[in-house]
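Residue numbers (this note's numbering), protein chains in the order written: chain A, 1 to 131; chain B, 1 to 132.
To be clear, the hints were calculated from the coordinates, so they are not data collected in a lab. We put the beta carbon where it would ideally sit given N, CA and C, even for glycine. It is possible that some hints are incorrect.
Partner residues aside, some chain A positions facing chain B, computed with beta carbon under 8 Å [claimed, not checked]:
#, residue
1, P67
2, L89
3, E93
Distance windows between CB atoms, simulated [unchecked claim]:
#, chain 1, residue 1, chain 2, residue 2, range
4, A, E54, B, K117, 49 to 59 Å
5, B, R33, A, S65, 15 to 25 Å
6, B, I98, A, D57, 29 to 39 Å
7, B, K71, A, S61, 36 to 46 Å
8, B, Y131, A, G85, 22 to 32 Å
9, B, S37, A, K82, 32 to 42 Å
10, A, E110, B, S120, 40 to 50 Å
11, A, V78, B, H66, 26 to 36 Å
12, B, R63, A, E122, 32 to 42 Å
Incomplete in silico selection of chain A near chain B, CB under 8 Å [stated by the list, open to error]:
#, residue
13, V92
14, M96
15, A97
16, E100
17, D108
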Amino acid sequence: MAMKAAVLRHIRLSAAPTRTLGLASPASCRWGGVLGSVFRSLSSHGDDHLSKDEVVDRVLSVVKSFPKVDPSSVTPDVHFQKDLGLDSLDNVEIVMALEEEFKLEIPDLEADKIDSTRLAIEYIYNHPMAG
Amino acid sequence: MSFTMRAAKVPPNSASLDEAKNRVFDLFRTACRSLPSVMEIYNLDDVVTISQLRSAISSEIRRNSHVTNPKVIDMLVFKGMEELGNITEHAKQRHHIIGQYVVGNHGLIQDSASKEKGMSDFLKNFYKSNYF
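Just need the whole structure built from these sequences, with the hints factored in.
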């Protein structure tokens, strides 16, 4: 999973120069061109992968809309139980809300580890199927 | 038939409170993941949202948060699974879901406070549940 995410991110970075062919260096341009043309034709994912800002915005809006949370205290680096005063059941509820928002199914072992907005953002940003 | 067979399967008791707790969370996750199909089966889109139902489920669980005996928790989880099975198998009707989870337990009782005024804490708890 981690490797898949790493590869996907690499592809997305190297494919970016195809849009600005004239400005990119010849090496990255060639790689970008090759990878871009190969992978874009094979995959329907990847192009529309979420940007970090979008993930942060949507995670924060999910957490803010949670009834027991004071929206003004939510930041990108807030711990659900220590900072927001939630209990473990609320934690699970927030993770389920994130699953619904990003159309994911987070395995139980991973879901147990997500206890702050920072970890949630990191996990969702690195998840190849988040949409 | 298929449902009765599945309901007959009872897992062994939880060894510790942590295990029982994890079972509760598993039940909660399963219930949350089946909410989209529940919305569809019972046509609830114009009455309630998925996040409201999710909060209703978690408040049902939280009603029993004082229970610390793993065996009792297992039993409650089993009852929860049974209820979830009934709901997803369409063994209920729309007004059951709306009455229990949308309007809520205290939806139609307006003045329970005035009745409970002269009651002792023991009696209130006695009416509420057995599990202490």
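How the hints compare with the structure:
The interface hint given for P67 of chain A is met, as the beta carbon of that residue sits about 6 Å from the closest beta carbon of chain B, less than 8 Å. Interface hint at L89 of chain A: satisfied, since its Cβ lies 6 Å from the closest Cβ of chain B, which is below the 8 Å cut-off. Using the Cβ-Cβ criterion of 8 Å, the hint placing E93 of chain A at the interface with chain B is satisfied: the shortest such distance is roughly 5 Å. The hinted window of 49 to 59 Å between E54 of chain A and K117 of chain B holds, with their beta carbons roughly 53 Å apart.
For the pair R33 of chain B and S65 of chain A, the supplied restraint of 15 to 25 Å holds, since their beta-carbon distance comes to about 20 Å. Checked against the hint of 29 to 39 Å, the pair I98 of chain B and D57 of chain A passes, with Cβ atoms roughly 34 Å apart. One distance hint, 36 to 46 Å for the beta-carbon pair K71 of chain B and S61 of chain A, holds here, with the actual separation near 41 Å. Checked against the given bound of 22 to 32 Å, the beta carbons of Y131 of chain B and G85 of chain A, roughly 26 Å apart, stay inside it.
With their beta carbons about 35 Å apart, S37 of chain B and K82 of chain A fall inside the hinted range of 32 to 42 Å. For E110 of chain A and S120 of chain B, the Cβ-Cβ distance of about 47 Å falls inside the hinted range of 40 to 50 Å, so the restraint holds. Roughly 28 Å separates the CB atoms of V78 of chain A and H66 of chain B, a value that falls within the hinted 26 to 36 Å. With their beta carbons about 34 Å apart, R63 of chain B and E122 of chain A fall inside the hinted range of 32 to 42 Å.
Of the supplied interface hints, the one on V92 of chain A holds, with its beta-carbon coming within about 5 Å of a beta-carbon of chain B, less than 8 Å. Restraint check, M96 of chain A versus chain B: the minimum CB separation of about 4 Å is within 8 Å; hint holds. Interface hint status for A97 of chain A: upheld, as the beta-carbon distance to the closest one in chain B is roughly 6 Å, under 8 Å. A distance limit of 8 Å between C-beta atoms decides the matter here; for E100 of chain A the minimum to chain B is near 6 Å, and the interface restraint holds.
Among the interface hints, the one on D108 of chain A holds; its C-beta lies about 7 Å from the nearest C-beta in chain B, closer than the 8 Å criterion.
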